[in-house]
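*Asks:* Residues per chain, in single letters:
Protein chains: 2
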Amino acid sequence: MTAVDFRPPGFENNDQKPIGYGRMLRKEDARFIRGKGRYVDDVRLPGMLHLAILRSPLAHARIVRIDTSAAEAHPKVKAVVTGAMLAERGLAWMPTLAGDVQAVLATDKVRFQGQEVAFVVAEDRYAARDALELIDVEYEPLDPVIDVRRALAPDAPVIRTDLEGKTDNHIFDWETGDAEETERAFASADVVVSQDIVYPRVHPAPLETCGAVADYDRVSGKLTLWSTTQAPHAHRTLYALVAGLPEHKIRVIAPDIGGGFGGKVPIYPGYVCAIVGSMLTGRPVKWVEDRSENLISTGFARDYIMRGEIAATRDGKILAIRTHVLADHGAFNAQAAPSKYPAGFFGVFTGSYDLQAAYAKVTAVYTNKAPGGVAYACSFRITEAVYLVERIVDRLADELGMDPVELRLKNLLKPEQFPYKTKTGWVYDSGNYEPTLRKAMEIAGYHELRKEQAERRARGELMGIGVSFFTEAVGAGPRKHMDILGLGMNDGCELRVHPTGKAVLRLSVQTQGQGHETTFAQIVAEELGIPPDDIEVVHGDTDQTPFGLGTYGSRSTPVSGAAAALVARRIRDKAKIIASGMLEVSVADLEWRKGAFHVKGDPTRAVTIQDIAMRAHGAGDLPEGLEGGLDAQICYNPENLTYPHGAYICVVDIDPGTAKVKVRRFVAVDDCGTRINPMIIEGQVHGGLADGVGMALMEMIAFDEDGNCLGASFMDYLLPTALEVPDWETGYTVTPSPHHPIGAKGIGESATVGSPPAIVNAVVDALKPFGIRHVDMPLTPSRVWEAMQGRPQPPI
Amino acid sequence: MTAVDFRPPGFENNDQKPIGYGRMLRKEDARFIRGKGRYVDDVRLPGMLHLAILRSPLAHARIVRIDTSAAEAHPKVKAVVTGAMLAERGLAWMPTLAGDVQAVLATDKVRFQGQEVAFVVAEDRYAARDALELIDVEYEPLDPVIDVRRALAPDAPVIRTDLEGKTDNHIFDWETGDAEETERAFASADVVVSQDIVYPRVHPAPLETCGAVADYDRVSGKLTLWSTTQAPHAHRTLYALVAGLPEHKIRVIAPDIGGGFGGKVPIYPGYVCAIVGSMLTGRPVKWVEDRSENLISTGFARDYIMRGEIAATRDGKILAIRTHVLADHGAFNAQAAPSKYPAGFFGVFTGSYDLQAAYAKVTAVYTNKAPGGVAYACSFRITEAVYLVERIVDRLADELGMDPVELRLKNLLKPEQFPYKTKTGWVYDSGNYEPTLRKAMEIAGYHELRKEQAERRARGELMGIGVSFFTEAVGAGPRKHMDILGLGMNDGCELRVHPTGKAVLRLSVQTQGQGHETTFAQIVAEELGIPPDDIEVVHGDTDQTPFGLGTYGSRSTPVSGAAAALVARRIRDKAKIIASGMLEVSVADLEWRKGAFHVKGDPTRAVTIQDIAMRAHGAGDLPEGLEGGLDAQICYNPENLTYPHGAYICVVDIDPGTAKVKVRRFVAVDDCGTRINPMIIEGQVHGGLADGVGMALMEMIAFDEDGNCLGASFMDYLLPTALEVPDWETGYTVTPSPHHPIGAKGIGESATVGSPPAIVNAVVDALKPFGIRHVDMPLTPSRVWEAMQGRPQPPI
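Line order of the protein sequences matches chains A and B. Residue numbers for the first sequence, in the numbering used here: 1 to 796. Residue numbers for the second sequence, in the numbering used here: 797 to 1592.
These are computed hints drawn from the structure, not numbers from a lab. This one's a predicted model, so the numbers in the text were calculated from it and none came from an experiment. Note that beta-carbon positions come from the ideal geometry of N, C-alpha and C, so glycine has one too. Check each hint, because a few of them may be wrong.
Unchecked claim - With a cut-off of at most 25 Å between alpha-carbon atoms, the simulated DMTMM-like pairs for lysine to aspartate or glutamate come out as follows:
1) B:Lys1370 to A:Asp190
2) B:Lys1370 to A:Glu627
3) B:Lys1370 to A:Asp543
4) B:Lys1045 to A:Asp190
5) B:Lys1045 to A:Glu639
6) A:Lys36 to B:Asp1337
7) B:Lys1018 to A:Asp190
8) B:Lys1018 to A:Asp611
9) B:Lys1370 to A:Asp573
10) A:Lys317 to A:Asp190
11) B:Lys1372 to A:Asp256
12) A:Lys222 to B:Asp837
13) A:Lys249 to B:Asp1337
14) B:Lys1018 to B:Glu884
15) B:Lys1136 to A:Asp190
Claimed, not checked - Derived list of chain A stretches under chain B, where covered just means 3 residues or more per stretch with a C-beta under 8 Å from a C-beta of chain B:
16) 28-34
17) 123-137
18) 155-168
19) 544-557
20) 625-635
Unchecked claim - Below, a sample of chain A positions facing chain B; criterion: calculated Cβ distance under 7 Å:
21) Val219
22) Lys414
23) Gln417
24) Gly488
25) Asn490
26) His498
27) Pro499
28) Glu536
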């Protein structure tokens, strides 16, 4: 067998794999490019049944009656289950990660279009779908509440009548920063700019929809659940706490996952239905969403209506920022936000700037929309925060008549200010911002671009240049500061070196396509000198891995990456003691050069990590009192988050005739600290930039006034393709995190966070001749056209 | 779901399960009694092929030619493989656990009847078997060497012509003890007794034969092998070292195993064939032996021809014992003996007695029989050693005219002599022998039995009373003293307590029916106060468990049992620190009462282990500097073996007309130190006693002079049934092991080791009126009858 040889651009030397950090092809691609990945839908168990979910066609209605008799009579149907049946077993409602409750199957009312009403378990997927049509549900329609402002009106219908004593649609108000101090800063300012900004509701839209195979073994009482989850251990504990299943009798397996982007953090009703279906029938049960179900019912992101205000001196010194946000959480508050941060990490809306004061208030509201608030490729609301600050800074530049780059350079935090505590209490661990922005300007040829723009503008062409600068907060998180449902964000990691010197690394985090099997092998390789191909990375299986809270918010490298490096160092420390015994010298006389301990000053005497591994397993004596084996474990909790940053420059052209925006160039300079595999980093950046193009120009989950979802298929919810994106121009700087053992920061989401404001800033810049100050995303041709005509923007 | 309620005799209180040691039903029985165990043959993978092995009909022959063309033409055949094809890939030979090599498929010669010659992989089991008959092998018969004395003759044909320079059939000579000192003791003795004693070749004959399912994934390069192995990790390392497969890409799974008894320690050619078959075809391949294949080709035990000599004073003080053994190892030396002990633990042939000197020489020899020497329910040759000493001690008693019990009581080691170093260098860790023998006498009513015997004998009835006393050496073993193929006998163990306080214990050892899932849960329960049902015990899967050398020689409780207790104590130590933080008192102010830490002197303040588990996973702060999680691991290597002992008394009646032996009563008093689950201990003893009845009275793998196996089916190789065994009368004493953290010793093999001499002693005792001094096992009616007639014993 020979490995498939494919060499993408940028991979210069595939044959010399690094033993440690450096460019190498992803180990997992061997299976992915052959179509041999194993996703939930590839799990086929003997006797497996199939589950389909009946969903509400209405956004808000009382359930009068459900008649399942015809469905039950279908010859291939094994079970038909309604909310009433679940309620009898206390399973009709489940807690959400935000501490709310969500209906598994609706009992009293349906609260959004697409809500789960009943499910069928049948011999095959076709029969299950057919039987759904045999279920007769009588609904009494209620007034749907779609707009967040309407939801807050005193006379609005109360959506969450299930919550005892609930008389409105308000979820929470959350404040950060100092309102009075900010008010004083605003009062002293020369210039104040205010802008209403909407971050529309979007969907992570992963390649693979959600699904599960539940296999409850009635004999052992053990439940095995293959599911599309980003957080297997957290899910296991939740199933234990909620369903009363004993935690040691639950195995959650996240096999290959076709993209998560935050959308696979929550527990969806479908998972619970699959479990119930398997327990009821005693057979394995598979549930896999179709695309439409995924788009209408699984976690949405954003849906923030923000008023941003910025105060500055006349010469461009930014003094303060404040904002009030109306957050549309849909019918159930299901976001995966830490308990102490109900609006997630929105607190970093102060951006990368040196401010005197800042204040934000977030008001979260129920509406008759699907539950939202998933952390779609951002650490809990950072995308919204960065978009807000980068748009209003651009608005300020416009107001002041300053170049947006100049305004940023003037206000960026200086290297000597780090670690820097923001006015909202976040401590940025490190940063060196100006070189990053300068590098982006250099790659883009910023000043030449401005000249070109002037020339083109003179010719009536609509060319725009947009800049954004962002600081991300990733790697949740320090135990004292954050938790989800009371569980702190520790991450376990285990490393076992086998007798022959091959190794297995067991991670609590797992991959949804980020290349963990490669990156983590490289981390261990760097520390121990074992080639990455000799290191098996195991993840995504609660039976095989230590506890941890999962992969989201770019936390894998900042948290588990640190754990992996530290656990490898524990192995190295032990190996050193064994080596001292083997070489009959003191530990102090040994020096480590990648992969071996050498006797100082004697080039002929050394033992490799492989020699040591065999010895550790009994091939000869060990130093007195030392335990055998070459295994170590760790439970890692970081001191702080890590704070990657970046500077992005976007060039757009707008067709004056059609108002179609074309991204001509996009320069992205990222700083994620130490770079483990630059190839994977670039891949992550490329993906995030495409995300940004989609959100800025095309994507929006819109609803009509009845609450019908207008983005229930890829005909309606548009994703960017190769046609919409330019050749990315990337660069990097390196500012290692001081508290991370290898200085790495996490790169998974930077581009998703940082690119939308650069694109929107570019479009607004292009539209300057029209006197336009702001256009809300998505910048579809119709919306840009209407703006050019001075008319209000259409829904999409 | 309700648990099945079955209450066997002796289980008084099923509803009050102990949280710790005590009688409780086996957790695993829930699946076993429902037929829901999952054995290798239950593994059915999509696309799975079936493998059958062509075996030699001759014991010794040159292979002239193999024509596989007709088999290859079979429409359902996917591959036909011969030794020559394996040889091209360097895979025709594999190392054995004793450091010899064994043919995977014969190339040059066949060396025993049943040897593997070729294999077929086909769409189903039937086609594979059919195709075997289409393979045409031309043999040139050679002179078979069946008798071990013949094998040592200078003119004997050389069996192992494959070994370079080998000109005879001698394998090794191994000596222990001091020959000169022993000679002096013999010279000074009043009485010397010599007896030739044969321990026949027997077979473990487990309920489940050997088998494997190999699944080689060509994409990931990962091999998953379900196999009937007692030592998954050792097998994995061997596959890595031998086949060159990377160790981290091999997963060995021992699912439920239907009995091992030492016979599933070696790697058999069938496992390797299954692996090769899967790699060749790219599909999963199943190989499962039939009963006949199991009996003729997998590991045999015993086959020792021993001359035992004992020297004593006239008044019954035993001075010395010596012996020379001819050990028949068959065609390949495949025993699982530690490198430093080629004759295993035969060195404990000094028994439980206070000797002045001892000496043994073991000469191992190749013959044209299947490879033997497996440690069938004994720690490597202890069964033979105990049988030898207990027979010659009885012979001595007869010679001296002493009661065999009196002779033993006079010579047993005294409690104050422990730890006791034998004349062959073994250090018995503890013992208190006399109370054990006295208890057996009391249960049996020994003196009344002797009276009864005198009365019956006077009436011409043949009643016999047999006694044995044994010391076992179990729990291999201290790293400095023993290893297998250079791998020391460390055992890893991991314990993980989940957030909700349920736990999972991962063991390197695994079960073949001994009840590990229950016993080990009880060990952890005793230490942590977590109910056994809340503790999942995981074993038998190299991907899920830490490294260790497997289950044999009763080593699970002595080695992994110690590891489990110690790892639980590590958890408890960490829990105490967490508790001190939760209760805001110093660690010194806490006291542990099963399951909770209490503040000393304040009965109102306590935290349970479950509270602590949730806190450890982040539900609140931990003391500064403490890692989160509640996991621990250990790699345990014992200081010494543990030495259980026991006293057995057997009463037999022999039908004077048919010479049929009936075991009327059997009293077994065992001392295995601390008793974790007395019910499981009793079950182990019952099984071993039945083993002993079988070996003493019925079982023997005999061969005719051409080397044809005469025990190739259960029609020929007889196993005891309920008809042949009495109601066992068991008792116990408790002498804890001083170096084992909970004082336990291991009980799996005591009865197999200790019962045959008691039975044979009883039979010889019954036959005293005939002047018979010894009859070799098995004591079948024909052999006893011939002995009664003063004629030589027939083969079986």
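*Asks:* Honestly, which of those hints from before does the structure not fit?
*Replies:* 1, 4, 5, 7, 11, 15, 17, 18, 22 and 23
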